[in-house]
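Number of protein chains: 2
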Amino acid sequence: MKTKKAVVLLSGGIDSAVTLYLAKKEYDCRVLIFDYGQRARKEVECAKALADAAECPYEVLKTAFPWKGSALLDLSSPVPASGEGEGIPATYVPARNIIFLSYGVSFAEAAGAEAVFIGAHQHDFSNYPDCRDEFFERYRRMIEAGTRSGAEGSAVRIETPVLDMTKSEIIAAGYGMGVPFEFTWSCYEGGEHPCGRCESCAFRAKGFKEAGLEDPAAETTGGKAG
Amino acid sequence: MKTKKAVVLLSGGIDSAVTLYLAKKEYDCRVLIFDYGQRARKEVECAKALADAAECPYEVLKTAFPWKGSALLDLSSPVPASGEGEGIPATYVPARNIIFLSYGVSFAEAAGAEAVFIGAHQHDFSNYPDCRDEFFERYRRMIEAGTRSGAEGSAVRIETPVLDMTKSEIIAAGYGMGVPFEFTWSCYEGGEHPCGRCESCAFRAKGFKEAGLEDPAAETTGGKAG
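From first to last, the protein sequence lines are chains A and B.
Just so we're aligned: 190 in this note's numbering is position 190 of the first sequence, and the numbers increase by one with no gaps anywhere.
Just so we're aligned: 64 in this note's numbering is position 64 of the second sequence, and the numbers increase by one with no gaps anywhere.
In short, the hints are calculated from the structure, not lab data.
Please note that a few of the clues may not be correct.
No copy is singled out in the list; a pair is fine if it fits within one copy or between any two copies.
For lysine-lysine, the following DSS-like pairs were computed, each having C-alpha atoms within a straight-line distance of at most 30 Å [said to hold, decoys possible]:
| # | residue 1 | residue 2 |
| --- | --- | --- |
| 1 | K25 | K42 |
| 2 | K2 | K68 |
| 3 | K48 | K25 |
| 4 | K68 | K48 |
| 5 | K62 | K5 |
| 6 | K209 | K5 |
| 7 | K62 | K48 |
| 8 | K24 | K68 |
| 9 | K68 | K42 |
| 10 | K4 | K209 |
| 11 | K42 | K62 |
| 12 | K25 | K68 |
| 13 | K68 | K5 |
| 14 | K4 | K68 |
| 15 | K206 | K2 |
| 16 | K62 | K209 |
Modelling step: build the complete structure from the supplied sequences, incorporating the hints.
This is the structure:
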């Protein structure tokens, strides 16, 4: 039994699944899953299956972004195809990572955990402002000033172990740790099978290809891009 | 019709009510109310009544802190009486203001609003780490790095107009603007009437006394401390 405790944010995607397995090496992990009205309803089911596979207790937090403001939330707004558009993607959800991280910090303080793990990575999706190193650095300084743990000199740490890895490096690392990729979901759409055309499907396919590995979810679901 | 838009966080207490009326002078305001399982169920009803009185549309966001970690959330944990304990109060809710502010920023970005108003003040409750100037300064820098509006050079502004006012100054300012204090709720407990013994009831009573004003809620509810 590990004595150090951590909270791991789990979206059901590859990055957070690998992050969970990295965190598990050193920490007794509590998993935090968000059901926030996302278009991809399979994410939540995949996240639960991943937490179960990793034998970590989980909490599903139901919340909402009633003001929408993202193609991931507004069903009348199309998910852009891979390569479509520039700048910050239409799939950016205003302040989502800030909110999710902060729930993680809240959970960590209440549970006596010393760290929150988040599976952000800044290379493939470098246009998301809330996935960049500079954001995390400033977030940490904010936590040091604005929380009980910070005021007491032991601020909850924000751990981003895959931040500087490419998708294929993340996949290879997860493969080595036995991450059950068949329980991960990447597609932004809400279908039963991955759409194969959104940015996230494209990055997943590219990542597995570059890692020289088969995507087990592609086989399970029959989707082309997995 | 004002052209500048703002989001105002409204708890149903005096500070946020006065903040709403201050914001209304310059902005077309959208109100954001949180129903987060707080012990004081009257807060949400008061906040709605305040928004209606101010003729501002509101959104009630239902969320939760299932890990508790605060006397305001855990009904088995007593609310301390005024003057009881030192350091950070048992009524501190881990990361609550950070989460609420961030929902405000999300709402503001989605609605094209330029500012979020929060009624924090650092004097009476100086032991809450998330009500101090240093916290807000760092929060602003984090927003500049981690949001779409920040990346585009026009980060949502965090406005704290009552931060450096005392409770009696806040009450006097609100009185001058016609804030309907009969619709505000301060007590931490979940009763029909204010308990009169918690820190928040004590500060309210002291604030009205120092401002030389009657608390209209004390008359309406029949509570001793209002």
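Consistency of the hints with the structure:
no. : hint         : verdict
1   : K25 <-> K42  : within (27 Å within a copy, 45 Å between copies)
2   : K2 <-> K68   : between (40 Å within a copy, 23 Å between copies)
3   : K48 <-> K25  : within (19 Å within a copy, 47 Å between copies)
4   : K68 <-> K48  : both (25 Å within a copy, 22 Å between copies)
5   : K62 <-> K5   : both (23 Å within a copy, 28 Å between copies)
6   : K209 <-> K5  : neither (35 Å within a copy, 47 Å between copies)
7   : K62 <-> K48  : both (14 Å within a copy, 22 Å between copies)
8   : K24 <-> K68  : between (34 Å within a copy, 24 Å between copies)
9   : K68 <-> K42  : both (19 Å within a copy, 28 Å between copies)
10  : K4 <-> K209  : neither (36 Å within a copy, 49 Å between copies)
11  : K42 <-> K62  : both (15 Å within a copy, 22 Å between copies)
12  : K25 <-> K68  : between (37 Å within a copy, 27 Å between copies)
13  : K68 <-> K5   : between (34 Å within a copy, 17 Å between copies)
14  : K4 <-> K68   : between (37 Å within a copy, 20 Å between copies)
15  : K206 <-> K2  : neither (36 Å within a copy, 49 Å between copies)
16  : K62 <-> K209 : neither (35 Å within a copy, 42 Å between copies)
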